[in-house]
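A.B. asks: Sequence:
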Amino acid sequence: IIGLRIAYVFFIERKYDMKFITFRDRVWECRDIFKIPNVFNCIYDHLIQPDQQLFVFIHIDEFQLIDRWECDAVNERKMPAKQLFKEMINGLASFMLGPPSRIYVQTFLSGTAPQVVISAKESSSVSFGFINCPQLSFRALLNITNHYAQKYHAEKFGCGTYKWMLCRPFLQLLEDTGGLPRALQYIFDVCFEIEVDGKKFFDDIYQQHFNTIFYNVKHHLQERYNIYETISKNEKLALELLFHSIDAIPVHRKACLDPSDQDCTIESLERDAHIILNPCNATSSEFTIKMPFFFICLYNDKLKIIDFNLEATLRVQNTMHWHDWELFVAYYEAFRTNLLVKRGKHTVRLGELYRGVYGTELVKNFEVRLKRLSVRQAQEQFPCSKLTEKDSSKSIPWEEGKDVIINGVSAKWGDSFRILEAVQGDRFLSIHQTKYDYNSATYTLKDLLNEHIKNCESPTFNTTNQLFDKLVDYRHITIVFTTQPFYEIGPYDDSFIISCNNFEQYFGPVFSSRATFALTKNINPNFSELQRMVECLPGVGDITADNIIINRPYKSEDDFFKTHNRAKRGKEKHEHENPGKKLKLDFYPFNV
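In our numbering, the protein residues as written are 29 to 620.
FYI, nobody ran anything at the bench for these hints, they're computed from the structure.
Some hints here could point you the wrong way.
[Stated by the list, open to error] So the derived label-pair ranges between C-beta atoms look like this: (1) Leu558 to Thr492: 42 to 52 Å; (2) Lys373 to Asp289: 35 to 45 Å; (3) His181 to Phe336: 21 to 31 Å; (4) Ala109 to Gly372: 38 to 48 Å; (5) Ser313 to Gln77: 46 to 56 Å; (6) Arg96 to Asp574: 38 to 48 Å; (7) Pro307 to Tyr515: 24 to 34 Å; (8) Gln77 to Gly119: 19 to 29 Å; (9) Asn593 to Ser313: 30 to 40 Å; (10) Asp291 to Gln134: 28 to 38 Å; (11) Asn550 to Asp574: 14 to 24 Å; (12) Leu558 to Arg96: 48 to 58 Å; (13) Leu558 to Val437: 42 to 52 Å.
Quantities reported herein were computed from a predicted structural model and do not represent experimental measurements.
For each residue, glycine too, the CB sits at the ideal point set by N, CA and C.
Start from the sequences, fold in the hints, and give me the full structure.
C.D. replies: And the structure:
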C-alpha cells in the first residue's frame with residue numbers, strides 16, 4: 029500500500045490526469061512489483077547520480093484512519109486482522125535503522141490518536157518520538173491563506189493586496205482556529221467543498237455563508253478529535269480545562285487538573301492533541317491553555333453550560349453593533365456563571381465574578397451565592413409591575429435570580445440586570461449598562477457616577493408603590509461595559525466599569541477575540557465605518573471618509589497618510605493642540 033502510494037505521487041500524480049483509485053485498479057494484478065524497496069530503487073535511479081544519497085521524507089497524515097479502516101474490515105467484513113499499521117512501519121524500518129545505504133527514509137506521522145495508542149503500536153525495532161508542535165501565529169494563518177489565494181489566482185486590489193484580506197468574517201474564522209493547524213485545514217476543506225472552484229470562492233468571499241462554514245468545521249473537528257467522548261469519560265477534567273482556558277489561568281506542564289487521575293497531566297493532554305499551550309512569557313515555565321473557539325462550542329454542546337449552541341448566539345457574521353453588544357455581555361455573564369456552578373462553586377466574591385473590573389475592594393469582596401442562569405429578553409422596560417418574555421410573553425420571575433434579563437428596547441434603567449444574594453443575606457440588583465460609542469471619547473468618573481445615580485433614582489418614577497417597596501430593599505450595583513477608554517482612579521462605591529482598557533481581563537482571551545476586533549481597537553481605516561472616522565479623525569469629513577473607504581486597503585500609517593493629506597494635517601494639528609494625546613490608528617490585519 030505504501031509502495032503504491034509513493035509510486036503514484038512520484039510518477040503519476042502531477043504528470044497525468046489520473047486519480048489514485050484508477051491507478052491502483054490498473055496496476056493491481058502487478059502489485060507485487062510495488063514493494064517499498066522496488067519503488068525507492070526506481071526513484072533513486074530516476075533522480076540520483078551514482079554515489080549520491082537519496083533522502084525520503086514521508087508524511088502520513090491522519091494515520092489513525094489506517095487502524096480505523098482495518099478495525100471496520102475485521103468487524104464488518106470479517107477479514108483477518110493483519111496489524112496493517114505496524115506492518116507498514118516495519119516495511120519502512122530498514123531504510124530508517126539499517127546499515128548506511130544510498131537511501132534513507134524519515135517518517136513523520138500526524139493525526140489525532142492519543143499517545144498511549146501510538147505507543148501500543150510500536151514495532152519491535154521502531155519507537156515513536158513526540159514533538160510539541162507550536163500553534164500557528166496569526167501572521168502564519170494569513171500567509172497560508174495567501175498561498176491558496178495565489179494558487180487560485182484570487183482577485184487583488186490595485187495595490188496588489190488580495191481582496192479577501194478585508195473580509196471580516198473570514199478573518200474571524202481564522203482567529204477562531206486559535207492557531208490549531210488542523211482547524212485551519214478544515215476551514216479550507218469546507219470552503220472548497222462549498223465552492224469547488226477555488227478562484228470563485230475567493231472572488232465571491234463577501235457573499236459566503238460563514239456561519240454555515242463555522243458549523244461544518246466544528247463538525248469535522250468533532251469527528252477527528254471526538255471531544256464529546258473525551259468529555260463523557262472525565263467531565264471534571266473537561267470543566268477544569270474549559271475554565272482555565274477561558275480565564276487564562278497559568279498552569280505548569282506537570283500540573284494535574286483532576287486529583288483523581290494523577291497520570292492525566294497538562295503535558296500528556298498536550299501530546300494527545302486535546303489542548304494547545306501558550307507560554308506566559310519568554311522566560312516563564314508557566315503556560316495558558318488555548319482552545320480554539322470551535323472547541324469552546326463543542327465543550328458547551330456536551331457540558332450544557334448554556335442551553336443552546338454557542339455559535340448560534342455569538343455568530344461569525346456578527347456586526348457587533350449596540351444590540352449585539354448587549355447580547356454578548358448578557359450571554360457571557362450567563363456562560364461564565366454557569367461554568368462556575370458546574371465546577372461546584374456555590375459562592376463567589378463579586379471581584380471574582382466580575383474579574384478585572386475597576387471598583388472599590390470593599391464592594392468587590394462581597395461574597396454572593398451562585399445560581400444557574402438563563403438569558404431572557406423582556407418586552408417591557410423595567411422597572412415595571414409586570415415583566416414578560418419577548419418571544420413567548422411568559423412572565424419572567426426576575427426576583428428568583430435565575431436569569432440575566434435583557435431590558436426592553438430604549439430602557440433608561442439598565443440594558444440588562446440580574447439579582448444576586450449575598451452570603452450575609454443582603455440582596456443586590458446587578459445592573460448592566462452597555463455603552464457603544466462611535467467616537468471612543470474617554471469615559472469619565474463623572475459619567476460612571478451619573479449612570480449609577482440614574483439607576484438608583486429610576487425606581488421612584490413610573491412604578492407602583494408595591495414595586496417601589498421591593499426595589500428599595502435591593503442594593504444597586506451598576507456595572508458599565510463600555511467600548512470607550514477609562515483612566516480615572518477615585519471613589520466609585522457600588523459602581524464597576526469594564527472598558528477597552530480591561531476588556532480582555534474580564535472576557536478572557538477566547539471570548540474577547542469575538543469582540544475586540546469590532547469594539548475596542550483603535551480606529552482602523554481598513555474597516556471603520558464612515559460615521560466613526562468622521563467623529564474620530566481630525567480634519568476628516570464625509571467626503572474624505574468616503575475616499576478613505578474607496579481607496580482601501582492601507583498597510584501602515586505611512587501608506588494611509590500618503591494617500592490622504594487632509595487626514596495627516598488634521599492629525600498633526602490635533603496633536604499640536606493636545607500634547608500627550610497621540611492619535612492611534614490600527615491597520616489590522618497588516619500589522620500583526
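A.B. asks: Next, verify each hint and record whether it holds.
C.D. replies: Results for each hint:
| no. | hint | result |
| --- | --- | --- |
| 1 | Leu558 to Thr492: 42 to 52 Å | holds (46 Å) |
| 2 | Lys373 to Asp289: 35 to 45 Å | violated (21 Å) |
| 3 | His181 to Phe336: 21 to 31 Å | violated (41 Å) |
| 4 | Ala109 to Gly372: 38 to 48 Å | holds (44 Å) |
| 5 | Ser313 to Gln77: 46 to 56 Å | holds (49 Å) |
| 6 | Arg96 to Asp574: 38 to 48 Å | violated (56 Å) |
| 7 | Pro307 to Tyr515: 24 to 34 Å | holds (30 Å) |
| 8 | Gln77 to Gly119: 19 to 29 Å | holds (27 Å) |
| 9 | Asn593 to Ser313: 30 to 40 Å | violated (51 Å) |
| 10 | Asp291 to Gln134: 28 to 38 Å | holds (30 Å) |
| 11 | Asn550 to Asp574: 14 to 24 Å | holds (21 Å) |
| 12 | Leu558 to Arg96: 48 to 58 Å | holds (54 Å) |
| 13 | Leu558 to Val437: 42 to 52 Å | violated (25 Å) |
In this structure, the earlier hints numbered 2, 3, 6, 9 and 13 are contradicted, and the remaining ones agree with it.
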